[in-house]
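For the sequence shown, numbering that gives the first Met the number 0 begins at 0 and goes up steadily by one.
Quick caveat, the hints were computed from the structure, so don't treat them as lab data.
Misleading hints may appear alongside valid ones.
What the hints assert, rightly or not - Taking lysine-lysine pairs in the DSS-like style, the calculated list, with each CA pair at most 27 Å apart, reads: (1) K360 <-> K330; (2) K292 <-> K231; (3) K36 <-> K364; (4) K206 <-> K36; (5) K36 <-> K78; (6) K292 <-> K36; (7) K290 <-> K231; (8) K290 <-> K187; (9) K58 <-> K29; (10) K292 <-> K88; (11) K322 <-> K386; (12) K292 <-> K414; (13) K364 <-> K330.
Stated by the list, open to error - Pairwise CB distance ranges, derived in the manner of DEER restraints: (14) V205 <-> N61: 38 to 44 Å; (15) G230 <-> N125: 56 to 62 Å; (16) F368 <-> N45: 50 to 56 Å; (17) K364 <-> D7: 28 to 34 Å; (18) N61 <-> V424: 36 to 42 Å; (19) D67 <-> K364: 18 to 24 Å; (20) T373 <-> A293: 41 to 47 Å; (21) K336 <-> F71: 34 to 40 Å.
Quick reminder that beta carbons are idealized off the backbone N, C-alpha and C, glycines included.
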Amino acid sequence: MVIPHPMDRDANPIFTLAYTSVDEIGPFIKSMESVPKSGLHNPLRNVERYLAYGDISRKAGNALLQPDVQEFFIQSIMKCVPKSYAQAKGEVTVTAAFLNNFGGDNVRFLARSFGNPGDHYGQQSNGYRWPYGPVAIIAPFNFPLEIPVLQLMGALFMGNKPVLKPAEKVAIVMEQFLHLLHDCGMPKEDVDLLNGQGPVAEALIVKSPIRLTQFTGSSRVAEHLSRVTGGKVKIEDAGFDWKILGPDVSHVDYVAWQCDQDAYATQGQKCSAQSILFAHENWESSGLWEKMKANASARRLDDLTIGPVLTHTTDDIMNHISKLLEIPGAKVMFGGKELANHNIPSIYGAIEPTAVFVPLKEMLKEEYFDICVTEKFAPFQVVTSYKDNEVDLVLEACERMSHHLTAAVVSDDTKFLTKVLSNTVNGTTYAGMRARTTGAPQNHWFGPAGDTRGAGIGTPEAIKLVWSCHREIIFDKIIPDGWKQPKAT
């Protein structure tokens, strides 16, 4: 499989990739079949592996902070997914922080059990976090190091054996990270790496005893995997993420900068990217629109603050904009054009950072709502405004959206914050004047809410939720002296 250069259609491919076919997955199936349901370790067996993975995590985290290793992964990320140096470095830094968070005894602490007294003498009930055994991870392209590493290590910490299927466009990054883990002491047989396309991964999942698949990516694929696995999935899929600017206007320069970062950093190819902005009418006279436009226009190809869209062609994005402009009152606020002077391959998108304004009441109409809340995973957002008496219309729009990953409520008005937060559901929500939709997942829980299949990432709670299940063992040891057999019931 040949991976084209994402910045230059005339350049040599950035790498070639082994193309595993469905006929070649036999060794992967055999590997998964060799894993017991009780995992490679659990709270009662091979417990020394908890400490071993604490040590591996510490060594890997330290390695990513070494200048030469850090730079290697920064450049690897930028080569596959053109993003700015600061964004790529941030990905490596977050990954290192996560790994260091779980150095030492912290892996062992993930499996902390609890006990309750029984209902008679000699009985005690104990709850354990138990692994699934053979598991699969299907990772996305947009964070080729951070997302797969955080999920992979969580799976390993809890005692599972994962097969990792990275996105083809960026597979080289995780291949190199696995070499790093081997150098840090991870047994080579603890992780299988599957290169290939989606149907190959699906065949492996269906034909082997994989007991849990963790998927990060599009909602279409997430729903398909949910069906073919019989619901044995944990998903972090589409994020059509909203930001609401409250009635209290302040720090306009900061808010404009954060809106630009949330919507357009990494070409908007973040599941947490700001997809729609609801601004109270008080912000319209503050100069916010003009500042957002100025910030967006400062993004350039030469420093990768803007770049190729790897999931849509330019025509796809332009057609979406055209459909929005058919809505009465809709208009392009800025952008809406193909990037100038680029040589990005035609299979990718090349578009200026774009904002399209759509009147709120038009947006809420049945015939327009779906197109307004369709995620494009590109440097693109919908913008609208509302009045004091239209807050409930904004909340109606949030309620009708289908996916609830990140959100931001930009306000210091306690009454306003409480109204919005108490009537919404997004799993990772920032609140306050510094609120954003994008954030580092090692710093706090990151994941959707409102979906029983939702997968978190980064925190002890997320790891335990996704990569282990509850097992209760009731010890009942003491038969009373003088016990006599009672009458059958």
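Hint check:
Taking the CA atoms of K360 and K330, the gap is near 15 Å; set against the 27 Å cutoff, the hint holds. Taking the CA atoms of K292 and K231, the gap is near 44 Å; set against the 27 Å cutoff, the hint is violated. For the hint linking K36 to K364, the alpha-carbon distance of about 50 Å lies beyond 27 Å, and the restraint is violated. A hinted pair counts as satisfied when its Cα atoms are at most 27 Å apart, and K206 with K36 qualifies at roughly 16 Å.
Of the supplied pair hints, the one linking K36 and K78 is violated, its CA atoms being roughly 39 Å apart against a limit of 27 Å. Proximity of K292 to K36 is assessed by CA-CA distance (about 54 Å); at most 27 Å being required, the pair is judged violated. A threshold of 27 Å between alpha carbons decides the hint, and for K290 with K231 the separation of about 46 Å lies outside it, so the pair is violated. With a C-alpha separation of about 51 Å, the suggested pair K290 and K187 falls outside the 27 Å cut-off, and the hint is violated.
Taking the CA atoms of K58 and K29, the gap is about 30 Å. The hint is violated against a cut of 27 Å. Note on K292 and K88: the hinted pairing holds, with a Cα-Cα distance of about 26 Å set against a maximum of 27 Å. A distance of roughly 26 Å separates the Cα atoms of K322 and K386; the hinted pair therefore holds under the 27 Å criterion. For the suggested pair K292 and K414, the alpha carbons sit about 31 Å apart, so the restraint of at most 27 Å is broken.
In summary, the hint linking K364 to K330 is supported, as the alpha carbons are separated by about 17 Å, within the 27 Å threshold. One distance hint, 38 to 44 Å for the beta-carbon pair V205 and N61, holds here, with the actual separation near 39 Å. For the pair G230 and N125, the supplied restraint of 56 to 62 Å is violated, since their beta-carbon distance comes to about 28 Å. In this structure the hint that F368 and N45 lie 50 to 56 Å apart at CB holds, the actual value being about 52 Å.
At roughly 43 Å, the beta-carbon separation of K364 and D7 lies outside the given 28 to 34 Å, and the hint is violated. Distance hint check: the CB atoms of N61 and V424 are about 39 Å apart, consistent with the given range 36 to 42 Å. Taking the beta carbon of each, D67 and K364 are about 56 Å apart, not inside 18 to 24 Å as hinted. Range check, T373 to A293: Cβ separation about 27 Å, and the 41 to 47 Å hint is violated.
Between K336 and F71 the beta carbons are some 36 Å apart, a value that agrees with the proposed interval 34 to 40 Å.
Violation of the numbered hints given earlier is confined to hints 2, 3, 5, 6, 7, 8, 9, 12, 15, 17, 19 and 20; the remaining hints are satisfied by the structure.
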